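So the sequences go chain by chain: A and B. The opening residue of the first sequence carries number 1 in the numbering used here; numbering runs sequentially from there. The opening residue of the second sequence carries number 1 in the numbering used here; numbering runs sequentially from there.
Take these hints with a grain of salt, some might be off.
[Unchecked claim] Residues from chain B that face chain A, not an exhaustive set, calculated with beta carbons under 8 angstroms: (1) 39; (2) 42; (3) 61; (4) 65; (5) 68; (6) 71; (7) 72; (8) 73; (9) 90; (10) 98; (11) 99; (12) 100.
Note that these hints are calculated values from the structure, not bench results. Small disclaimer: the values here were computed from a predicted structure and weren't measured. Backbone N, C-alpha and C define an ideal beta-carbon position, used for all residues, glycine too.
Each chain is listed here by its residues.
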Amino acid sequence: MDRYGTTPEHLAAVAVNGRNYASLNPHAQMREPISIADVLNSRMIADPLHLLDCSLVSDGGAAVVLTSAERAKDFPQRPVYLLGFGEGHGHEHISQARSLTTSAAVESGRRAFRMAGMGPGDIDVAQIYDCFTPVVLIELEDLGFCNKGEAGAFVASGETALDGSLPMNTNGGLLSYCHPGNPGSMFGLTEAVAQLRGEAGERQVKSAETALVHGQGGIMSSHATLILGQEQAL
Amino acid sequence: MTGHSQKFLPQPQPGTETYWNACRQHELLIQRCSECGTHQFYPRIFCTSCSSKAVDWVSASGHGKVLTWTVVRRAVSAAYAADVPYIIALIELQEGPVMMSKVSSCEPESVCSGMAVEVSFEDWSEQVSMPVFIPTSSKD
Numbered sequence: 001m002d003r004y005g006t007t008p009e010h011l012a013a014v015a016v017n018g019r020n021y022a023s024l025n026p027h028a029q030m031r032e033p034i035s036i037a038d039v040l041n042s043r044m045i046a047d048p049l050h051l052l053d054c055s056l057v058s059d060g061g062a063a064v065v066l067t068s069a070e071r072a073k074d075f076p077q078r079p080v081y082l083l084g085f086g087e088g089h090g091h092e093h094i095s096q097a098r099s100l101t102t103s104a105a106v107e108s109g110r111r112a113f114r115m116a117g118m119g120p121g122d123i124d125v126a127q128i129y130d131c132f133t134p135v136v137l138i139e140l141e142d143l144g145f146c147n148k149g150e151a152g153a154f155v156a157s158g159e160t161a162l163d164g165s166l167p168m169n170t171n172g173g174l175l176s177y178c179h180p181g182n183p184g185s186m187f188g189l190t191e192a193v194a195q196l197r198g199e200a201g202e203r204q205v206k207s208a209e210t211a212l213v214h215g216q217g218g219i220m221s222s223h224a225t226l227i228l229g230q231e232q233a234l
Numbered sequence: 001m002t003g004h005s006q007k008f009l010p011q012p013q014p015g016t017e018t019y020w021n022a023c024r025q026h027e028l029l030i031q032r033c034s035e036c037g038t039h040q041f042y043p044r045i046f047c048t049s050c051s052s053k054a055v056d057w058v059s060a061s062g063h064g065k066v067l068t069w070t071v072v073r074r075a076v077s078a079a080y081a082a083d084v085p086y087i088i089a090l091i092e093l094q095e096g097p098v099m100m101s102k103v104s105s106c107e108p109e110s111v112c113s114g115m116a117v118e119v120s121f122e123d124w125s126e127q128v129s130m131p132v133f134i135p136t137s138s139k140d
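Please model the entire structure based on the sequences and the hints provided.
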């Protein structure tokens, strides 16, 4: 915020984005629409995080069936293909981070895009780990969707909404769908699969052929990126 | 201060016993590599700069500056309820390493990045004293 001029309103826009999608998702834990003002007026937990900048406390679990592309052809469900993955690991304790505004999502994203033979502009829908609102902005930038310092304005201007250039966290994310702890990112994965199969109901991104899922663990320590696609993206 | 017994108290281990014993004496220790001279904190069994195992404990100046901070307003448990709001900061020590600690004797509205701080100690039990940082007084 000090370096790039990111504002509390930019952070709040991430929470509002998630809630807008959650309101379209019958399975989401928090579905009542919220405004930027609602986020800013919610009680402060630890500056600059208001209550609504923080993810939920939930019970839940998810599973995927992983098999070879060849076997998947015989399955009744339309398969979704793993096109690329990458990991990046920066530090153990946040006091040892090389930077507080650039994370190892740079490495995980670069590796995943290289394997998939794609770039950020090729992604139709993204599920970006959103434990707290600022994390999303750092990840969007580190994955190459925005330049450094510009993700706040990117989200606030509606680019991550259903009709934007990069629909993001379309199930509502950890902020509004659910956050059961370790399985959190599994819902990013199952949502990406639902989007690529065209099964996402009211929150369906039109003609989504590629998806990116980004997970993060520790305190911005460990990052993993997946790129998924429909058959035509192979 | 009272009521520390229900807080998260450190459990000294073979690699950290020396550190906590020094805290008990109100002295802040960090590690220094005797091969390449790099200081580091928190303690490891090797140098994070050159991988040498020749890391020794040395006394830190105890002076540093606030890099960034947050004000904790929601207590993590009932044991911390009397403490909120309090400042948690990343502090760059004069010797180079960055450590996370509490900034006390400072109003939450007064803390800023670059603020000069020095170590102080809070006695939480007979065995445990916690290093915290306070604004460096103007006479320094």
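Report task. Classify the hint on residue 61(B) as holds or violated, based on whether any CB of chain A lies nearer than 8 angstroms to its CB. Result -> With a closest approach of 18 angstroms, the residue 61(B) hint is violated.
Query raised in the report: Was the hint right that residue 72(B) lines chain A, CB cutoff 8 angstroms?
Result: This interface hint holds because 5 angstroms falls under the 8 angstroms limit.
Query raised in the report: Given residue 98(B) was flagged as interface, is its beta-carbon under 8 angstroms from a beta-carbon of chain A?
Result: 5 angstroms, holds
Query raised in the report: Quick one, is the residue 39(B) hint okay against chain A at 8 angstroms, beta carbons?
Result: 13 angstroms, violated
Query raised in the report: Against chain A, is residue 73(B) within 8 angstroms by beta-carbon distance?
Result: 5 angstroms, holds
Query - residue 71(B) as an interface hint toward chain A, with CB separation required under 8 angstroms - result: 5 angstroms, holds
Query raised in the report: Minimum Cβ distance from residue 68(B) to chain A below 8 angstroms?
Result: With a closest approach of 6 angstroms, the residue 68(B) hint holds.
Requested in this report: Against chain A, run the beta carbon of residue 90(B) and see if the smallest gap drops under 8 angstroms.
Outcome: 6 angstroms, holds
Query raised in the report: At a threshold of 8 angstroms, is the proposed contact between residue 100(B) and chain A supported by beta-carbon distances?
Result: With a minimum Cβ separation of about 5 angstroms from chain A (threshold 8 angstroms), the hint on residue 100(B) holds.
Query raised in the report: Quick one, is the residue 42(B) hint okay against chain A at 8 angstroms, beta carbons?
Result: Check passed: Cβ of residue 42(B) comes within 7 angstroms of chain A, closer than 8 angstroms.
Query raised in the report: Is the hint on residue 99(B) kept, meaning its closest Cβ partner in chain A is under 8 angstroms away?
Result: 6 angstroms, holds
Requested in this report: Under 8 angstroms, Cβ to Cβ, is where residue 65(B) needs to be relative to chain A, so tell me if that hint holds or is violated.
Outcome: 14 angstroms, violated
Hints 1, 3, 4 from the earlier list are contradicted by this structure; the remaining hints agree with it.
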